[in-house]
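Novice: Dock chain E against chain P, hints included.
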Amino acid sequence: MKTIQAEVPDQLYEQARVLIEAGWFRDEGDLFREALRRFLDAHRPSLMEKFIRDDVAWGLGLHGKD
Amino acid sequence: MAKTDRTRPVVCDAGPLIHLDELDSLDLLQGFATVLITPAVWQEVRRHRPTALSRLPRSSEQREPEGVADERLTAIFETFGLGAGDREAVALVREVPGALLLTDDAAVRLVAEQLGIEARGTIGVIIRAIRHGTRTGLAALHTLETLPIRSSLYVRSGLLQEIIALVRQQVERAE
Numbered sequence: 498m499k500t501i502q503a504e505v506p507d508q509l510y511e512q513a514r515v516l517i518e519a520g521w522f523r524d525e526g527d528l529f530r531e532a533l534r535r536f537l538d539a540h541r542p543s544l545m546e547k548f549i550r551d552d553v554a555w556g557l558g559l560h561g562k563d
Numbered sequence: 015m016a017k018t019d020r021t022r023p024v025v026c027d028a029g030p031l032i033h034l035d036e037l038d039s040l041d042l043l044q045g046f047a048t049v050l051i052t053p054a055v056w057q058e059v060r061r062h063r064p065t066a067l068s069r070l071p072r073s074s075e076q077r078e079p080e081g082v083a084d085e086r087l088t089a090i091f092e093t094f095g096l097g098a099g100d101r102e103a104v105a106l107v108r109e110v111p112g113a114l115l116l117t118d119d120a121a122v123r124l125v126a127e128q129l130g131i132e133a134r135g136t137i138g139v140i141i142r143a144i145r146h147g148t149r150t151g152l153a154a155l156h157t158l159e160t161l162p163i164r165s166s167l168y169v170r171s172g173l174l175q176e177i178i179a180l181v182r183q184q185v186e187r188a189e
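Residue numbers (the working numbering), protein chains in the order written: chain P, 498 to 563; chain E, 15 to 189.
Chain P on its own, in the form it takes in the complex (with noise of 0.2 Å):
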């Protein structure tokens, strides 16, 4: 597992707390990762062209010949 630290703005913090508070999540660690997870969610299709794009390329051979 990977331990992140990050700089995280004051009023977002703080609203990340009133849902930890709530009940929502169990703790920061808990709501980070729920929040990565759906960034990754929204932003799959651009990624997946990254990795098509480097596809293509090792198709190619520009990865070098094998």
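Any given hint could turn out to be false.
What the hints assert, rightly or not - Not everything, but these chain E residues come out facing chain P in the computed CB check (under 8 Å):
hint : residue
1    : G95
2    : A98
3    : R145
4    : I178
5    : L180
No lab work stands behind these hints, which were simulated from the structure alone.
Keep in mind that this is a model prediction, so the values were computed, not measured.
The C-beta atom is built at its ideal place from N, Cα and C for all residues, glycine as well.
Specialist: Coordinates of chain E only, in the frame set by chain P:
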């Protein structure tokens, strides 16, 4: 020494097996030493595209990962929301030296990156076939051009056109 593609085993996620079958291109997996499919991936393909399982190359085999995902791996799987087949495929590729992971799922690709696993997808396998002589440039281009109507693999139209133009350029240059 690094293994070349032809002597490399490949661990397949369900996506590429389904997409390659839709494109009548499962034979391209013959370009790998062994095609390893985990039980959960096998079940997934059987549910969504049973014909694919009868068209697999002879070098295909079902294999279950031996190890149980440790706490760190489980946390990564949870964070990225991987399904049972994805998890097994990632766990297995870590156990097979030099193996390549085939997946068309962005989350699985991200996990692979995180774990230092080389992963590729359907489009890469189709284009690689030109280089390995298992498809002519024209045949591979035809597969790419008809991908939106024959396959459930979604590639943004503009990106696909860009890829086709690039491949066509490379093919013409090689002629």
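Novice: Does each hint hold? Answer for all of them.
Specialist: Each hint, compared with the structure:
1. Look at E/G95: its Cβ gets to within about 6 Å of chain P, closer than 8 Å, so that hint holds up.
2. Because the closest C-beta pair between E/A98 and chain P is about 17 Å apart, greater than 8 Å, the hint is violated.
3. Interface hint at E/R145: satisfied, since its Cβ lies 5 Å from the closest Cβ of chain P, which is below the 8 Å cut-off.
4. This hint is violated: E/I178 has a C-beta 10 Å from the nearest C-beta of chain P, more than the 8 Å allowed.
5. Satisfaction of the interface hint for E/L180 is found here, the shortest Cβ-Cβ separation to chain P being roughly 7 Å, below the 8 Å cut-off.
Checked against the numbered hints given earlier, this structure breaks hints 2 and 4; the rest are met.
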